[in-house]
Amino acid sequence: MMEPSAYLILSGILFAIGAVGVVARKNALIILMSVELMLNGVNVAFVAVGSYLGDPTGGIFAFMVMTVAAAEAAVGLSILIAIYRLKETIDITELSVLKW
Amino acid sequence: MEPILFTLFGAIAVGGALLVVTRKNPMSAAISLILSLFAVAALFVLRQAHFLAAIQVIVYAGAVVVLFIFVIMLINVPENRLPVEKLTVYRLLGVVAAGLLMIEGAVASRNFSAPAAAVNEAGSVEAVGRALFTDYLLAFEVTSVLLLAAVVGATVLAKKKI
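Chains as they are written, first to last, in our numbering: chain B, 9 to 108; chain L, 31 to 192.
Only chain L is shown next, with the shape it has when bound in the complex (with noise of 0.2 Å):
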């Protein structure tokens, strides 16, 4: 069951991260946006870590890409001011180095192959909350320091005046 799962969510991934880079409205690239996030989340589900999944769908499809819809809303560019993109030789170029860097990157890891853990229950909430509040208890609070510093960032840089 699961390659069946994995390749129609993993399918749906890379085909809304397509239409996120190619679409030119930011509009319909936040919609793909979302669309790419919960196939990501679905395969997180596939992997057992059903506390990151849920994780994903509140804070990203939740909050950050809301934030990403306020933000087109609020500034509103009209269609006729967004920048034009014209395909160019360069731009291919990129193209064909990030396809290199993709093949380089499946080559590197086509023998990764770990031992099979017999029950996993690594992605459980008892698991993730038992080693984040353990071994993982000071990056957990300088987390909280970090998201401080970003909500007092993006007050002060988006106030009328800088």
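Looking at chain B on its own, in the form it has when it is part of the complex (with noise of 0.2 Å):
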């Protein structure tokens, strides 16, 4: 029997390697790649401590939250191509039309 804190600290391993993606790259690609990944940790946490207490609802939370990422990865890669169509960059330092 594992102790169910060894799973919420790979999670939040998990998570921290996500974000730490989200705010260092430049490319746009890996930065949609590493929020996948942050809400992939997320999940870790939801279905061990839904399995350890006996509880479905960690798993519905999980479903959701799978939902939910595969919503964000169409809308967001469609953004995608579409400022590539417009841009020719995924760079997105050189995005910066919206900065005061």
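Please note: incorrect hints may appear among the correct ones.
In the DSSO-like style, the derived pairs of lysine-lysine whose C-alpha atoms are separated by at most 30 Å in a straight line are [as the list claims (entries may be wrong)]:
hint : chain 1 : residue 1 : chain 2 : residue 2
1    : L       : Lys191    : B       : Lys107
2    : B       : Lys34     : L       : Lys190
3    : B       : Lys107    : L       : Lys189
4    : L       : Lys191    : B       : Lys95
5    : B       : Lys34     : L       : Lys116
6    : L       : Lys189    : B       : Lys34
7    : B       : Lys107    : L       : Lys54
8    : B       : Lys107    : B       : Lys95
9    : B       : Lys95     : B       : Lys34
10   : B       : Lys95     : L       : Lys190
Just so you know, the hints here were simulated from the structure itself, not pulled from any lab data. The model shown is predicted, which means the values in this text are computed figures rather than measured ones.
Reconstruct the complex from the two isolated chains, following the hints.
In structure tokens form, the structure reads like this:
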């Protein structure tokens, strides 16, 4: 029997790595992948706690997070395609038209 | 047995995640993302969440990452036009801040303990399906509206003229 906190710590590690990817990278594709990593890290915590408490609610939450992640990937990637068509770049530091 | 498998798949998941955020080429990052997602699916199996492990492989590795790979190949940025990313002080500080966030999370969750459920059936298809179609029916139906909005949004955004 594993300690439940091991799963929570692993979840935190995955979330932190994803957060570093979001704030430190310039490639928009990799930023979107890092967001997926963060959502996935949260799913580990939901599933682990749900299974330790013997409650299917944790699994339901992870299911909803996966749905949101899929929708987010579809919309985010189509925005990326539209940006690439207009600006010929996926470098987020060059996309500063909204910056004052 | 569980600690050994947890260490193995946890290490694969973390290693894959590290590769995702460090690779320059988006295609290598996408392949590493598949590795990490598969390891997390194995962790779900370890926690008896068989339904979610299957969904993880089908939806994440089978649909989301394939979508990523399609887009990588579709826009096909040449190697010399990829963003130049140098290691600066600010980015190192970002890594340090993430490390602190991680330690804080570990400290906050180290005392979490749960009563051991005698027979754990919470992750089975039957238990998840029962909860999904009774207690969480409204959320489940709203999900379909979310997916419809995503489909319409993606189609409109990727059109030739916006």
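Outcome of the hint check:
1. L:Lys191 x B:Lys107: Holds - the C-alpha atoms of B:Lys107 and L:Lys191 are around 24 Å apart, at most 30 Å.
2. B:Lys34 x L:Lys190: holds (25 Å)
3. B:Lys107 x L:Lys189: Roughly 26 Å between the alpha carbons, so the hint for B:Lys107 and L:Lys189 holds.
4. L:Lys191 x B:Lys95: Holds, at roughly 14 Å.
5. B:Lys34 x L:Lys116: With Cα atoms ~10 Å apart, B:Lys34 and L:Lys116 stay inside 30 Å; holds.
6. L:Lys189 x B:Lys34: Roughly 25 Å between the alpha carbons, so the hint for L:Lys189 and B:Lys34 holds.
7. B:Lys107 x L:Lys54: Within the cut-off at roughly 26 Å; holds.
8. B:Lys107 x B:Lys95: Roughly 16 Å separates the two Cα atoms, so the pair holds.
9. B:Lys95 x B:Lys34: Holds: B:Lys95 and B:Lys34 sit about 15 Å apart, inside 30 Å.
10. B:Lys95 x L:Lys190: Holds: B:Lys95 and L:Lys190 sit about 14 Å apart, inside 30 Å.
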